[in-house]
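Turn these sequences into a full structure, and let the hints guide you.
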Amino acid sequence: MELQSNFEIAHLTEKEENAIKKAETELKNETGKDFVVIAWQEISK
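Quick note, the working numbering runs 326 ahead of the 1-based positions in the sequence shown.
No lab work stands behind these hints, which were simulated from the structure alone. Please note that a few of the clues may not be correct.
The following label-pair restraints were derived from C-beta to C-beta distances [said to hold, decoys possible]:
{"id": "1", "residue 1": "363", "residue 2": "331", "range": "17 to 27 Å"}
{"id": "2", "residue 1": "332", "residue 2": "355", "range": "29 to 39 Å"}
{"id": "3", "residue 1": "343", "residue 2": "370", "range": "32 to 42 Å"}
{"id": "4", "residue 1": "351", "residue 2": "371", "range": "34 to 44 Å"}
{"id": "5", "residue 1": "338", "residue 2": "360", "range": "16 to 26 Å"}
{"id": "6", "residue 1": "358", "residue 2": "337", "range": "12 to 22 Å"}
{"id": "7", "residue 1": "332", "residue 2": "358", "range": "34 to 44 Å"}
{"id": "8", "residue 1": "334", "residue 2": "358", "range": "31 to 41 Å"}
{"id": "9", "residue 1": "368", "residue 2": "345", "range": "18 to 28 Å"}
{"id": "10", "residue 1": "339", "residue 2": "369", "range": "13 to 23 Å"}
{"id": "11", "residue 1": "350", "residue 2": "371", "range": "10 to 20 Å"}
Below, a list of computed lysine to aspartate or glutamate pairs in the EDC-like style, where the Cα atoms sit at most 20 Å apart [what the hints assert, rightly or not]:
{"id": "12", "residue 1": "348", "residue 2": "360"}
{"id": "13", "residue 1": "341", "residue 2": "352"}
{"id": "14", "residue 1": "354", "residue 2": "342"}
{"id": "15", "residue 1": "354", "residue 2": "343"}
{"id": "16", "residue 1": "347", "residue 2": "360"}
{"id": "17", "residue 1": "371", "residue 2": "343"}
From the three backbone atoms N, C-alpha and C, an ideal C-beta is built for every residue, glycine too.
Put into structure tokens, the structure is as follows:
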């Protein structure tokens with residue numbers, strides 16, 4: 327049985343990308359740890 331992926335890495339606007347980078351920075355400031363946020367979107371059929 328083959329599993330098919332219904333998701334792909336999201337296509338982000340500049341505003342969305344900046345919001346993710348801001349969230350990563352805030353997480354680092356709060357925790358002292360680096361986090362990487364990965365945005366996924368469902369593949370349109």
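Comparing the hints with the structure gives:
no. : hint                   : verdict
1   : 363 to 331: 17 to 27 Å : 19 Å, holds
2   : 332 to 355: 29 to 39 Å : 35 Å, holds
3   : 343 to 370: 32 to 42 Å : 20 Å, violated
4   : 351 to 371: 34 to 44 Å : 36 Å, holds
5   : 338 to 360: 16 to 26 Å : 20 Å, holds
6   : 358 to 337: 12 to 22 Å : 32 Å, violated
7   : 332 to 358: 34 to 44 Å : 36 Å, holds
8   : 334 to 358: 31 to 41 Å : 32 Å, holds
9   : 368 to 345: 18 to 28 Å : 20 Å, holds
10  : 339 to 369: 13 to 23 Å : 18 Å, holds
11  : 350 to 371: 10 to 20 Å : 31 Å, violated
12  : 348 to 360             : 12 Å, holds
13  : 341 to 352             : 17 Å, holds
14  : 354 to 342             : 19 Å, holds
15  : 354 to 343             : 17 Å, holds
16  : 347 to 360             : 11 Å, holds
17  : 371 to 343             : 25 Å, violated
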